[in-house]
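The listed protein sequences derive, respectively, from chains H and W. Residue 1247 in the numbering used here sits at position 120 of the first sequence; the count goes up by one each step and never skips. Residue 1618 in the numbering used here sits at position 603 of the second sequence; the count goes up by one each step and never skips.
Be careful, since some hints might not be right.
To give an idea of the interface, some chain H residues facing chain W are shown, with a C-beta separation under 10 Å as derived from the structure [to be verified]:
# : residue
1 : Met1142
2 : Ser1478
3 : Gly1502
4 : Arg1505
5 : Arg1506
6 : Ile1509
7 : Gly1513
8 : Lys1517
9 : Asn1518
Far from chain H, some chain W residues (derived; all Cβ distances over 12 Å) [claimed, not checked]:
#  : residue
10 : Glu1143
11 : Asn1187
12 : Asp1431
13 : Ser1576
A short list of chain H residues far from chain W (calculated; beta carbon distances all over 12 Å) [unchecked claim]:
#  : residue
14 : Leu1200
15 : Cys1227
16 : Thr1441
17 : Trp1491
The set of hints was computed from the structure by calculation and includes no laboratory data. Here a beta-carbon is modelled for each residue, glycine too, at the ideal position from N, C-alpha and C.
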Amino acid sequence: MAKQLFNQPSPLETMVLSKRFALEGSETLDVYLKNDGFKAFLKAKEMTPEAIIDEVKASALRGRGGAGFPTGLKWSFVPRTSPKPRVIVVNADESEPGTCKDRLLIEYDPHQMIEGILIAGLAVDAHVGYVYIRGEYRYLIEKMDRAIAEAYSKGYLGNNVAGTGWKFDLYTHSGAGAYECGEETALLDSLEGKRGIPRMKPPFPAVAGAWGLPTLLNNVETFSAIPPIIRDGGAAFAALGTPKNGGTRLVCISGHVNKPGVYELPLGFPMMKAIDEVAGGIPGGRKLKAVVPGGSSCPILTASECDIPMDYDTLAKIGSMLGSGGMVVLDETTDMVRFALRIMRFYQHESCGWCIPCREGTTWLRKILQRFYEGHGRREDISLLGELSKNMLGRTFCALGDAAAMPTISIVEKFTEDFERYLARETVAV
Amino acid sequence: MAELVKLNINGREIQAEKGALLIEVARQNGIEVPAFCYHEDYTLQAACRMCLVEIEKTPKLQVGCTTPVAEGMVVHTESDVVKKARKGTLEFLLTNHPLDCPVCDKGGECELQDMVFRYGAGESRFVERKHHVDEKQWSPVVFFDAPRCILCYRCVRACNEGMGVGALGIGNRGVISEIVPNQGDHLECDECGACIDICPVGALTSGSYRYQTRPWEMDHVGTICTHCADGCKTTLGVRVDKIVRGNNRDRSGINNEFLCVKGRYAFDFVEHPERLQSPMLKTAKGHEPISWSKAISLIANKFGETVLAGGKFGVVGSNHTTNEENFFLAKFAREGLGTKNIDHHRTGDLATFFDALSGKPDSLASSGDLYNVKAVLVVGSDLAQQHPFLSFQIRANFRHHNAHVYAVTSGPVREDNQAIASVRVQKGGELAGVESQRDKLKAEVNLVIVFGDAIQGDALRKLVAFGDSLGIPVKYVCLVDYSNSRGAFDMGVLPRDGGLSREQVLAAADLDVLWVVGANPLKNAALASKKAFVVVQDLFLSETAQQADIVLPAASAYEKSGTVTNVCGEVQKLKAAAKVMGTKTDLEIFGLLAKEMGLNLGIWLPDKVFEEIRKTVHGYNVPLPIVATGGAAPTMPLNGRVAALPGSIASANDTLFTSGSLSKYSNVLNAVMESPGKLYGGEGK
């Protein structure tokens, strides 16, 4: 019997990180070792830290958590000669609505990530790492623990990694169900056992992160991309994508498509092709209405804006983001008031409460949208939604406020007619 | 000198220290940057987003409270975009804040109210249902009304960082985030009420003050707390001669905003129903009220007769009365009654202390020194219990200057949390414990040694010798118990030149007159003389007063003027706040008695007596303007050798929730769970 996968791969994919997903036993170290496993680590062990970081820089890899910060640059910020020990933290708090890729990387190929962590350890001279896994991914924590135990038992973690005499310890740590803890400094507070609220920056985690130690913090997918980069060279990885947008990324396509799933596509892949061909198009031949390009925090795109290549810079140019790769496709039957409400309910629930604009703003917006949705909207509420969102935008402690404000502003501005229809006491057929 | 940078705020060229916080620089230059969560004493939060300012060449508005100033920075604090942001934040804040200002204790002195007045958002666009939870009582003195809370986390920090207690935290998240007490539904803490005073809104209210008055209906009288010896300024809110509140929000005094449970709440003994309000004469039927004139006349006659007959007097002075009263009493005893038998309950060995330090004028530490010195050594005292302000100063020094703290004590103390060395010793083993830290202490830049009554006599001399041997500047604080223990000593309420000590007076079978002023020596001791005529001046019918032939109702420290000297030798002024009918100040009683006896001891007005003190008491020639304006003037009583005194020295070992005989009459001190014998059994900790 063939392996039950999350979704059937598409022939249009460029499988680099996900190339082992379909293999039977892909989560085991044996299968990993038989399929290029730990070649990159052994290669990196012979390289200087500077050379490793240069290779990562050459790959044009950008952080896959959502912010898209150049990874090589981030690594170079960690003071590897600091008298304090360095710490590596993996952000596996995958919580952005629409995003479900990190779970596959851990579930199907945890050793690839472990190898990436070890290479990062070589690059910044760290000897300990923590995989912070969101609380809702309880089952993944077990899988990760199993992978770590296997790596220890076969000598790929511990005091003598892969027989090189080099030492590295890796632990998992469970989140407790807070979206906010996906923000890197809130994650660090949570990892330290504190209430998960973001920290003031500077200092950035690279200088003073977990327990005040220099900390290298990256997303699961970012670490998973490291072994192929080191193995085949940064340039080869970069060449898969477009300039400054190196490599491939796992795009999670959900919503109104025939074949929802996680697909590994090169950066710069055309968005419409992803919807129509990779994900099998919209069911029933209905028309596209809107696309959330990279997780619910991104400003939404109208159908007419979607004929673009998916890379960081193009999305930024049209006022949105590639974010975490969570692409939500909405067809013409979608009620954008309801959609806005659903998003705001999430942010209102997840606001940590630390700062006033986010705490009070998300709640207020949710209440207006709820009232609107229940048929008690007022004309002035439409502009109020936009104004309140703008009062949050850029004024909150962390990006959660922006994440709630940006989609709301874009939905209200781009789909005003959906709101007006409510004023006329008509609802859109769902 | 730190490096200076030039920046421009609102078109004004300003020079500031590099790295200083923008909000501080603006405020120092008279430019208002509003903020709720920012508090200069505590950690930065950047949570309230009120202090957003516009900085040119920065895309987003920046929070002034965490932005360090830099060369060439161009800042706008009153631009349209900044004003709009402030208004937006206030509008957000008011969405769930109940608009119950007319019944809120804070109305009239509320920072949120002030800001809405100044920055707008008075009219809300919020038409939804507000989030509501019911008010909670956390302790007899602390109430919490969550909907009013704006989550600035000042209370959390004041409790954790300031008090070192950490009884408050944050529960839940998002809009239902709430400050929670350490026991879930109630507080077990110092009950200091710092959280209440630091609250910018009416979320935390005081159990004793709530619903008593509006703030503008009170007079605010800054006086000195009458309990422990630390000399905190407490600003009493007085409404129609009744004290309804104690706090120090105006940050006058040495203690800044700090007050403990006693300074903030334990003024309530003033109004206690058992307060004496008439002189009383002991008769066969018990104590009967008599008039002041009759009482004064009876006492004067008895005193006069005893003087003429060459009889034996014993005078016991007070740890709570003013310097003027102590000075006048000592003078009365020596010159008026011709006796040297005058003493008070001595709680620290000041005589040996001054003797050991004679010729070292810079060796007395001020309360400010505890905040500024590089290292502090605490010997044989649980400061958090007995000297909460000194403990607070040490924590603040640790927090702000990373001071090195050493604790040599018989049990765990709060200073352990800051200490680089905590040494546990048996009582009597303190000096050995101190000696064990010699090498580390030698490496310090300077040091303040704070020690309790375990260090007296020889041990004290050895401690000073130890300090001398370190080769670094060392200052000392000799701990004493009460608000004017130090003053009583300095004013000479002492059995000098062969007088009888307190114990000797009580034990003298031939004593003719025992005159007790504001003390309770018969609480734990018997009076040997059966014939002694006992006169007691007190607030209450204490154990001693019960044995008195005549009891005179005295005014408390909160009802009189004068000066007191704190544990660090700082002189501060008392201001009369309340009035209690029928009482007289001790000074007035002395004056009336002197007049009745035909003695000329000088005018008995506090200011006149203080003039005399400044002229005659060594080290008390303090600058009048400092004292008169409510400041703390350091005294320098080191005047050469001091002769040894008879009698014992022992601290009463009060806890944070007791205050000698006075705490018996404070409802608040008895009501809180932490009072001795309640929550923690008899341990009093």
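| query | Can you list which hints this structure breaks, lowest number first? | reply | 1, 3, 5, 6, 7, 10, 11 and 17
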